[in-house]
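Participant: Spelled out from the first residue to the last, the chains are:
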Amino acid sequence: MMARPEKFIDESGRRVDGRLPNELRPIKMQVGLLKNANGSALVEYGLTKVIAAIYGPRESQKSVSLPDRASLRVRYHMAPFSTEERKNPVPTRREIELSKVLRESLEPIVMTNYFPRTTIDVFVEVLQSDGGTRTVAATAASLALADAGIPIKALFGGVAVGKVDGVLVVDINEVEDMYGDADMPIVAAPDLNLVTLYQLNGVLSKDEFQEAFDIAMNAITGIVNMEKETLKSSYQVENKEGDLEK
Amino acid sequence: MMARPEKFIDESGRRVDGRLPNELRPIKMQVGLLKNANGSALVEYGLTKVIAAIYGPRESQKSVSLPDRASLRVRYHMAPFSTEERKNPVPTRREIELSKVLRESLEPIVMTNYFPRTTIDVFVEVLQSDGGTRTVAATAASLALADAGIPIKALFGGVAVGKVDGVLVVDINEVEDMYGDADMPIVAAPDLNLVTLYQLNGVLSKDEFQEAFDIAMNAITGIVNMEKETLKSSYQVENKEGDLEK
Amino acid sequence: MMARPEKFIDESGRRVDGRLPNELRPIKMQVGLLKNANGSALVEYGLTKVIAAIYGPRESQKSVSLPDRASLRVRYHMAPFSTEERKNPVPTRREIELSKVLRESLEPIVMTNYFPRTTIDVFVEVLQSDGGTRTVAATAASLALADAGIPIKALFGGVAVGKVDGVLVVDINEVEDMYGDADMPIVAAPDLNLVTLYQLNGVLSKDEFQEAFDIAMNAITGIVNMEKETLKSSYQVENKEGDLEK
Amino acid sequence: MSITPYRVPVVPKIKRDNYIKLYEKGFRTDERDFYTPRKISIKTNVLEKANGSSLVKLGNTTILAGIKIELGQPYPDTPSEGVLQVHAELSPLASSFFEPGPPDENSIELSRVIDRSLRDPRVIDFNSLIINPGNKAWVIWIDLYALNYDGNLFDASMLATMSALYTTRMPELEELETGEIKIKNKVSNRPIKINKRIVSVTTAKIGKYIIVDPNLDEEIISDTRSVLVFDEEGNIVGAQKTGMGSYTMEEINNTIEISSKASQVYFKLLEEALENEKLER
Amino acid sequence: MSITPYRVPVVPKIKRDNYIKLYEKGFRTDERDFYTPRKISIKTNVLEKANGSSLVKLGNTTILAGIKIELGQPYPDTPSEGVLQVHAELSPLASSFFEPGPPDENSIELSRVIDRSLRDPRVIDFNSLIINPGNKAWVIWIDLYALNYDGNLFDASMLATMSALYTTRMPELEELETGEIKIKNKVSNRPIKINKRIVSVTTAKIGKYIIVDPNLDEEIISDTRSVLVFDEEGNIVGAQKTGMGSYTMEEINNTIEISSKASQVYFKLLEEALENEKLER
Amino acid sequence: MSITPYRVPVVPKIKRDNYIKLYEKGFRTDERDFYTPRKISIKTNVLEKANGSSLVKLGNTTILAGIKIELGQPYPDTPSEGVLQVHAELSPLASSFFEPGPPDENSIELSRVIDRSLRDPRVIDFNSLIINPGNKAWVIWIDLYALNYDGNLFDASMLATMSALYTTRMPELEELETGEIKIKNKVSNRPIKINKRIVSVTTAKIGKYIIVDPNLDEEIISDTRSVLVFDEEGNIVGAQKTGMGSYTMEEINNTIEISSKASQVYFKLLEEALENEKLER
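Chain order of the listed sequences is A, B, C, D, E and F.
The working numbering puts the first residue of the first sequence at 8, with every later residue one more than the last.
The working numbering puts the first residue of the second sequence at 8, with every later residue one more than the last.
The working numbering puts the first residue of the third sequence at 8, with every later residue one more than the last.
The working numbering puts the first residue of the fourth sequence at 13, with every later residue one more than the last.
The working numbering puts the first residue of the fifth sequence at 13, with every later residue one more than the last.
The working numbering puts the first residue of the sixth sequence at 13, with every later residue one more than the last.
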């Protein structure tokens, strides 16, 4: 178990990993690395690594088929080696909840009405966890959907805002999440000004709560711009080596 | 855990809770308290509280559909807070067996032939357990079926007969069940002279075994009369407050 | 737990149970002992006892139906009382793997193309385990399929070859399996010169590995001859008493 | 949750009528009278490595009982008693009605009725199974394994249970220098201590007839069934109405008398079997 | 894995249109204004044998909360704190939408939102629940049982949780001569220590309208929903967007204001209920 | 229970014929000869927080191996050895053939073949993993995670396992004043002790041809497959016939020779990869 740091913000205003409050961790993005999937993406925020794969649209099983739209199946899952202690691969209550909120964050974005009676699978796997996994998962899903050519209303991304030593900070890592005062994951599509997921664990004043959205929207705007760059360059250089293999 | 009492019957012939051997606990009945269910009832024998809800008849799933009758689905379940130690909500072997014998006690009573290819759901939930839960469940099911307007051949009810300190006693509570010599739950429709469930845990002589049926039949006749009163008054005073909210 | 013997081969070249390296345990076979099954067999190699039952061919469930052949369903299962420590009846990973390799050993032998859209069930139950259970299971399956009149390309059988104290030995028992250097179960149809299952747990040189196949083929030829005798005599004397009831 | 069975074969009304016509003449299809169980065969010690075992055939219904005894902990509420675990498996080998999978309501009911009949009447001397009160006790695992199903699993299972118990040998303990207690031999010569013998009598109600030991066809056409468990003094030590129908009080009283008499037949056959096995004590 | 719901009733577009037409006039179908929750009834101590209990009706949505307190072990990472376990069951009694079976994503989400709102803001004084640091602690089991579902399970569940907690009595311990600690009485007179009160406010977004405490029809036609949990100082101590749609930032800010105001209504009703029960402290 | 697969794509007979025609000329569709595995890429230490990790590509088959080391208890029958746990997940990311859910027979077979090949030949020095005999030992969790499936999961998984093991660093312990032993650092500089290197060689039998490292198409059209595991001395340390068909003895002998030679190719590639990673010892 990680120890609780004495201070989360030092005299020079820097966080436990040297970042400023509004500074994201180094972000890496890569698309198309899985051959079989219709679309895929690997996204890293610092040490948090999440891979997403899209299969479909394919014909739905009759019992779940919807006449006017595609069904989304979303699985958020943590690889057994992704966590501090080895994780049993059986889905936990946490993974079941996060699969639900991630699915609900995709529902207003994916043009499901184009593909009635089909299922689109979004499988996200946390390969390494260092805080913010569900928001990295959202970013990976956005890229993977785009890579799969599934029509979406806009690219989207996620980031977790936290509060440590009384200060709102962006893109919290695992220590800040575990011992901080609040953890607020947010997913949004900034081009449409739409928030599609938020949760709060911890305590914030009403003002802080609203400020957290502003901080997140700002960060996500940058993240979505990176997504656009990544997709643009992936059309130029096909098949570049993945970051997992650096 | 409850302690074993030194004596089950005192000098004046009274049981641990002051009742005479042939005396029922205070019984409360209430119907129609659940808005969504087609029928519902809350029944209390002393501290034992059981709620029953009926859904259906509704079209059966194809794989279980019966061409000449309705299927009954019966679930006997104990709420996690109903027992001495908090109960895991996963069905136990005991709950699976009791669901079966309760279903089999309903099969000869419900006019299932009126509703081929449909399913009638009978969900009973033990809210608080103090002995005799399956027989209270039967009484609640009888009222809830009547409340739902499902045609039944007759009202029915249940009571557990026990043997403590060599004496047969009616409507045993948890201590008498746990430490007594025998526990014999019986469900019957006295207007038709039909017994639809019996089980025995413990030792009885042949004569005692037969006497237990007589005691039960007598008690159940009274219980079914209370059911009739309850149903009659519920048609007059709709929407009265439930006992759970006294 | 059994203790590890000091030596596996004594001065006179005999194994822990007195057998020579190339000597099988006493083998008993019996067919047709289960009335309901379409075919059945009980096979014992020493203390290892396995019973097999065949049901089918019967129409497949639609979701698993194959248009050009019968499906095989094979269950290798150990009875709770079959093992040193009482075994939980829930299938273990080991039982799931052995069900698969046994099914795959039957696929090239059973004339599945005769029965499209049907399922043939092969249920094998280990009643007592003393080494070599999966190979005894194969022999029992061969007899049971023949007893059921399911067309097969040839009778088959199994035996486990082991290595103890540097010597290859045939039909290893539980102690030789547990503490020996290698355990190599093999299933074959010698009349067709076909090997349909092999696995190796332990270390063998390339030459020993090949020699193990020769030893097994030789042993299985004898076992299949016993199967033929058993089937022949079962057509003459119907309904003889089973060995389980000796 | 329990649902009305949907895989049971539908009985043509005519078949039921034919059975009842035969009953009217006092016969059953297998030429038995109403009150006699089918031919019973009991073979014990069929499994060399178990602590006890028995293979019972009641007509074509075949049950294999295996008993394993292990070291464990007593339950907190009975610190000076051993632990009993009864499990029944309606194996897919036994019938095309049985599917592989976790125990269903029928196998759970079967094992729980057997369990209750052994536990509360103290058929096994549970106090003899304590090693270290509150801490170490013997755990008796009774596994009932159906090999062929032709009706009346209860009576066959109870016979298998009792005969296996009568041939059960306890493990042998040893105390290590550390004071730790370990099993030295899985099976010794010491029998398990049994307080009393019990038998189960299943009757089926078909129309106005009560018949003992129904076979599968009779089970399927029956209105309902009663399982009554008796000890040798004629006490009832377990009971279960099983099946979908109902009884009048008169039918119940009739069932009790018939079952009580039939229990003597079962006891006689059980005793003969145990004597044949030269295992009387 | 989560899949787009396929059992939810399809809402005829016309129904939704009718609702919105009514909203345009400032009304809801049940004659409430946009910002007022439905009638609330809170009855505590409805279960004599539990440590705490409460039956809450929010309109026709009915939740029974039962609290059991048991001896257990603290988590290794919080050795000086008690343990909280929150579980919700969307019982099949409550709605034809709910099937028997293990908890689905909706009941898991519900219990986890309640759990987080109690845990991190330290609504319960977890340090008061330690008996022997690192070794023995009280385990608080909060079970939420839905009896009737007419929308907005979150707010009803939170009211049930808080009112049940306020009437929860700790068990009483005794120390045996052996030094072992045991429960003497399941329920004593000593209350559980609560640090603060919280309420949940669920709003639905339907078209351009944000309404408080949606009933089932409103939930079904809603674009999406927000759950905000407040303490008495007006802090937000839990939040969850739930449902398939999205919010603009303007809508979120609007939702915060509306919810914040509505939290005062809930607090008032909670306080009245607790006073009625004469359980203020 | 195992059932004949029903989700596998049907191979048009013509496709198989075309493959065999090519084999007759000595070629494969991807221009390999019969005995050469596909291009192999091995990258280790791809997960900073695991004790060991490796990403292996064998053609387009991609396996990520992650190794976590935890404190645990030795098995009672091997009190002076550490514990090995191998689990494989055929993740739905890797192929449209794989569904989310508990491990199926294919992933169980895969992990058990890898497990046996490591365990009995003592590839890992299990005695070096004991901390306190009978009481405290290291538990080695090897998790194999399929990211893309294009045939031959066995060989890719074994390469991933071996290369991850070679880069695995043990945790560091500390003893508290209480005498209790705890993990101080999850990962130290101390490597895990490996006794020998092994590789798996999978061959497919297609008609009369035996080919090394089948890709997915070749797996699907194959009659059956053989997995042989070799150590560097050329011993066979694991074997598994997998797939529905059969072998003649001649084909088996042929398979052994071909696989034995191919094992040298795998060893060479494994060594190069480990050297590239500058992790020889």
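These are computed hints drawn from the structure, not numbers from a lab.
Every value quoted in this text rests on a predicted model; they were computed, and no experiment measured them.
Be aware that one or more of the hints could be misleading.
[What the hints assert, rightly or not] Below 30 Å or equal to it, Euclidean Cα-Cα: the simulated DSS-like pairs (lysine-lysine) are:
1) K194(D) <-> K14(C)
2) K208(F) <-> K35(A)
3) K33(E) <-> K94(B)
4) K239(A) <-> K208(F)
5) K239(B) <-> K51(E)
6) K55(D) <-> K94(C)
7) K55(E) <-> K273(E)
8) K61(F) <-> K220(F)
9) K14(A) <-> K196(F)
10) K94(A) <-> K208(F)
11) K273(D) <-> K61(D)
12) K196(F) <-> K51(F)
13) K220(D) <-> K33(D)
14) K42(C) <-> K194(D)
15) K55(E) <-> K196(E)
16) K208(E) <-> K14(A)
17) K148(F) <-> K33(F)
18) K37(D) <-> K51(D)
19) K35(A) <-> K94(A)
20) K208(E) <-> K160(A)
21) K51(F) <-> K239(A)
22) K280(E) <-> K148(D)
23) K148(D) <-> K220(D)
24) K239(A) <-> K35(A)
25) K94(C) <-> K94(A)
26) K51(F) <-> K42(A)
27) K208(D) <-> K55(D)
28) K198(E) <-> K35(B)
29) K61(D) <-> K220(D)
30) K220(D) <-> K94(C)
31) K239(B) <-> K55(E)
32) K42(C) <-> K235(C)
Participant: Each hint should be assessed against the structure and marked as holding or not.
Facilitator: Against the structure, the hints come out as follows:
1. K194(D) <-> K14(C): Within the cut-off at roughly 25 Å; holds.
2. K208(F) <-> K35(A): Violated, at about 37 Å.
3. K33(E) <-> K94(B): violated (48 Å)
4. K239(A) <-> K208(F): Violated: K239(A) and K208(F) sit about 47 Å apart, past 30 Å.
5. K239(B) <-> K51(E): holds (29 Å)
6. K55(D) <-> K94(C): Roughly 23 Å separates the two Cα atoms, so the pair holds.
7. K55(E) <-> K273(E): Holds, at about 25 Å.
8. K61(F) <-> K220(F): This hinted pair is violated, its Cα atoms lying about 47 Å apart.
9. K14(A) <-> K196(F): holds (21 Å)
10. K94(A) <-> K208(F): holds (28 Å)
11. K273(D) <-> K61(D): Distance ~37 Å between K273(D) and K61(D) Cα, so the pair is violated.
12. K196(F) <-> K51(F): violated (40 Å)
13. K220(D) <-> K33(D): holds (12 Å)
14. K42(C) <-> K194(D): Outside the cut-off at roughly 43 Å; violated.
15. K55(E) <-> K196(E): holds (28 Å)
16. K208(E) <-> K14(A): holds (27 Å)
17. K148(F) <-> K33(F): violated (59 Å)
18. K37(D) <-> K51(D): Roughly 22 Å separates the two Cα atoms, so the pair holds.
19. K35(A) <-> K94(A): holds (25 Å)
20. K208(E) <-> K160(A): violated (43 Å)
21. K51(F) <-> K239(A): holds (29 Å)
22. K280(E) <-> K148(D): violated (56 Å)
23. K148(D) <-> K220(D): violated (52 Å)
24. K239(A) <-> K35(A): Roughly 15 Å separates the two Cα atoms, so the pair holds.
25. K94(C) <-> K94(A): OK: K94(C) and K94(A) at ~26 Å, within 30 Å.
26. K51(F) <-> K42(A): holds (15 Å)
27. K208(D) <-> K55(D): Holds, at roughly 20 Å.
28. K198(E) <-> K35(B): Since the Cα atoms of K198(E) and K35(B) sit roughly 25 Å apart, the hinted pair holds (cutoff 30 Å).
29. K61(D) <-> K220(D): Between K61(D) and K220(D) the Cα gap is close to 47 Å, so the pair fails against 30 Å, i.e. violated.
30. K220(D) <-> K94(C): Answer violated: K220(D) to K94(C) is near 45 Å, above 30 Å.
31. K239(B) <-> K55(E): Distance ~27 Å between K239(B) and K55(E) Cα, so the pair holds.
32. K42(C) <-> K235(C): Between K42(C) and K235(C) the Cα gap is close to 21 Å, so the pair holds against 30 Å.
Hint check: violations occur at hints 2, 3, 4, 8, 11, 12, 14, 17, 20, 22, 23, 29, 30; the rest are consistent with the structure.
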